[in-house]
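All chains should be built: construct the whole structure from the sequences, respecting the hints.
Protein chains: 2
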Amino acid sequence: MAETALQDRTAKQLRLLEQALDSGRLGPVKRLVNTLSPAEIGNLLESLPPHKRQIVWGLVDPEDDGEVLVHVGDEVREDLLKAMDPDEIVAAAESLDIDDLADLLEDLPDTVIDEVLKSMDRENRERLEQMLTYEEDTAGRLMNPDVVTVRADVSVDVVLRYLRLRGELPEATDRLYIVSRRRQYLGGISLAQLLTADPAVAVNRLIDSEQPAIDADTPVAEVAERFANHDWLSAPVVDENNVLLGRITIDDVVDIIRAQAEHQALGAAGLDEDEDLFAPVPRTTRRRAVWLGINLLTAFLASWVIGNFEGVLQKVVACAVLMPIVASMGGVAGTQVLTLMVRAQALGQVSPANALSLLRKEVLVALANGLVWALAVGSVALAIYRDAWLALAFGAAMVINLIAAALSGVFLPLVLRRVGIDPALAGGVILTTVTDCCGFASFLGLSTLLLMQ
Amino acid sequence: MAETALQDRTAKQLRLLEQALDSGRLGPVKRLVNTLSPAEIGNLLESLPPHKRQIVWGLVDPEDDGEVLVHVGDEVREDLLKAMDPDEIVAAAESLDIDDLADLLEDLPDTVIDEVLKSMDRENRERLEQMLTYEEDTAGRLMNPDVVTVRADVSVDVVLRYLRLRGELPEATDRLYIVSRRRQYLGGISLAQLLTADPAVAVNRLIDSEQPAIDADTPVAEVAERFANHDWLSAPVVDENNVLLGRITIDDVVDIIRAQAEHQALGAAGLDEDEDLFAPVPRTTRRRAVWLGINLLTAFLASWVIGNFEGVLQKVVACAVLMPIVASMGGVAGTQVLTLMVRAQALGQVSPANALSLLRKEVLVALANGLVWALAVGSVALAIYRDAWLALAFGAAMVINLIAAALSGVFLPLVLRRVGIDPALAGGVILTTVTDCCGFASFLGLSTLLLMQ
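Line by line, the protein sequences give chains C and X. If you're matching positions, the first sequence starts at 1 in UniProt numbering and goes up one per residue. If you're matching positions, the second sequence starts at 1 in UniProt numbering and goes up one per residue.
In short, the hints are calculated from the structure, not lab data. The C-beta atom is built at its ideal place from N, Cα and C for all residues, glycine as well. Keep in mind that the hints are not guaranteed to be accurate.
[To be verified] Pairwise CB distance ranges, derived in the manner of DEER restraints: (1) X:109 <-> C:212: 35 to 45 Å; (2) C:110 <-> X:180: 25 to 35 Å; (3) C:55 <-> X:452: 51 to 61 Å.
[Claimed, not checked] What the simulated footprint calls covered on chain C by chain X, stretch by stretch (three residues with Cβ under 8 Å from a Cβ of chain X suffice, anywhere in the stretch; the number is not a length): (4) 279-285; (5) 366-380.
[Claimed, not checked] Derived lysine to any residue pairs resembling SDA-like cross-links, with alpha carbons at most 20 Å apart: (6) C:12 <-> X:20; (7) X:315 <-> X:422; (8) X:12 <-> C:420; (9) C:12 <-> X:315; (10) X:12 <-> C:422.
Below is the structure:
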């Protein structure tokens, strides 16, 4: 994401805060922190090393504690919870909307969960328990059960009087839902319609049944797609009998979309978005070691390929000098195709028919670029080493590896998805293994053929 | 992004559509296409090779033409516009909201722009012209000037009667804005408040001035951050005199966040998100060639480093076999640190003070992992080549390169940002150049020292 003035301000706040912390003046720190929104406080806490984090966390207005906990990654949340008394945690949990509470609950100690449940009224407790029957990352967990419903047979005027009696509406309410006697979802009516309609009109004349309800077990990724495709601001959530359970609002969808983007960016490097930037060194070392270990295996594979050509390496040292170039160009070209394919897959833009068209296109592009760069690198090799056969092997290997890169870039994501592996996460490692091995094998193999007569 | 049922459905629709197209039955194609939302149609058109794309585009309901054009990437849009008569384009443009029209206008032929402007009433034309005075990717371009304003001194009842007279509200209206006589922004009042308040109360008693207005020249990336930090559904946009110009709604923000994520994912591979998946081969070849050329230069640099150690390569062929392992492990470890840093920067989580803490942590992690893997790879090398000095050089180079990777991973994004380069786009290439060169130099250098006595 591009640099913005806001990021600069956030970084500047961070600097001021760290200076104030270092000088021990907690008054200014407290004032600064409590001008921020809970999301911003969460962001700030994530940027602080553990000891400073705890100091600042102690200065946050207890009213905001719950919201801040909702806005930090899992690991930092654990860290913050450790510093709180059970009473403080219960108070923080009580201040939350029920959907945020459902999100937080799993991270709380069991005794605290009991306390929180006891402190709720029966209706809310039942709603919460119902939400928890749905799996994490489904609409049933994401929704807020706090909705305003009306019946179809009343007039707008009755609804208006009801709303005035009721007082405040749940946050981000943009429409009321119309339900049957058995609370089955029939459609919605927007606040804008209520405000502009003739009060004498019956609600069922205004009912908008265009917006289909979302099943409670729909994955959140699909919920996000549907919001984006239809420009929804909110959507009703129903159970398998079409009974209205709650609603999802777009601010939650924004959080999902941001989390997805982070998951993809970090996952491709073998990282987890819930990891604390300042996790203890031994924990971070262990985690990173897993990824390095996987990559070490693939590197040894490439190295084994090279080991099969010791003959030519011994005789022509230039082969050792030039071989990384062939491998690296294949990796770069293949990554480009892979990235395009992964994006197209995420948008549902790949079918067997167009995969074939894409393959044809990408192979042609690889061939064209292969020839261009073969000529370029071949000439350079010729100029340096004055060996036409070496230059030929170098150029030809470049063409071969770029075509192999295009083929893997198109096929790999298709195959990985078929076997249930996310190509956005694992694709890069596998692809570069292929292009490394193919690059080394083609160049050293051709060199053996052409130079070892 | 994870695979979802919706993506599968989208891909399935695509397959059905391609089958119908191949069999020449356009009736089913037309029916299928016109059950989709404009965003979905756009997505579908982007997935089709050019000749099929034009057939399907001809079958889209002309009413949706404008919205579909707004929802496709720049290149596909150009492609679609080429197939339309000026009259069709004018009709499509006329159907758009003014903010979407501002977005589309630049891609239209000049004669068509004149037609479109002529067809608008004076008020809308002036609004559009005002929007176009702001730069692309600023709030002034993103906003919709169509807002409902009220004065502070009237009662709720007056507002309610005004709204009934006015009829329909602009799409996604969640609050009315209160302005002074000179149209200066004073605050907002939500539809929910209007519905629940006592009609006799004056609007200025309910005014919510908590939401600060956004300056029209604020970059859209910052607008998105502010929406996400505050869970806004809409926000007022003002000029430098605090005069209300329009409002931004969260559905536009969702589009920005998605575009940012795409820009980052594709940009890191040297790709452009506005590129047509099926762009002609020569055009694609040229574009990819640029990125390959940059990478070729960095590959030659690494190759030049190797070339300085021909002596040891000639004598110890194992060096050629093992050297890519050192380079590759450095690249992987460095990419992890770089990815974390880029994310932290994007969230404004990096300050000079915590950069130092991060650096300390990352160097310690690199040292720990370096020692672990040095032992592992050293033992393997010893087992294969039975040469303790070689194993020592291999292990030591691994430690050195992982530490170099950690240092570059932390410093590179700081330096790049200071000089105005986006680390998310250029960081990876530079980092792997550093780790390749350092990996080759340290391993081959140590081998020369230890093995060439």
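Hint-by-hint comparison with the structure:
At about 39 Å, the beta-carbon gap between residue 109 of chain X and residue 212 of chain C stays in the expected band of 35 to 45 Å. Between residue 110 of chain C and residue 180 of chain X the beta carbons are some 56 Å apart, a value that contradicts the proposed interval 25 to 35 Å. In this structure, residue 55 of chain C and residue 452 of chain X meet the distance hint of 51 to 61 Å, their C-beta atoms being roughly 55 Å apart. Residues of the stretch 279-285 of chain C with a Cβ under 8 Å from some Cβ of chain X number 4, which satisfies the need for three, so the listed coverage holds.
Beta-carbon proximity to chain X at under 8 Å applies to 7 residues in the stretch 366-380 of chain C; the threshold of 3 is reached and the given coverage holds. For the hint linking residue 12 of chain C to residue 20 of chain X, the alpha-carbon distance of about 58 Å lies beyond 20 Å, and the restraint is violated. Between residue 315 of chain X and residue 422 of chain X the alpha-carbon distance is near 43 Å, which puts this suggested pair outside the 20 Å criterion. At roughly 18 Å between alpha-carbon atoms, residue 12 of chain X and residue 420 of chain C fall within 20 Å of each other, so this suggested pair holds.
For the proposed pair residue 12 of chain C and residue 315 of chain X, the alpha carbon gap of about 55 Å is over 20 Å, so the pair is violated. Distance hint between residue 12 of chain X and residue 422 of chain C is fulfilled; the C-alpha atoms sit about 19 Å from each other, no more than 20 Å.
When held up to the earlier numbered hints, the structure conflicts with 2, 6, 7 and 9 and fits the remainder.
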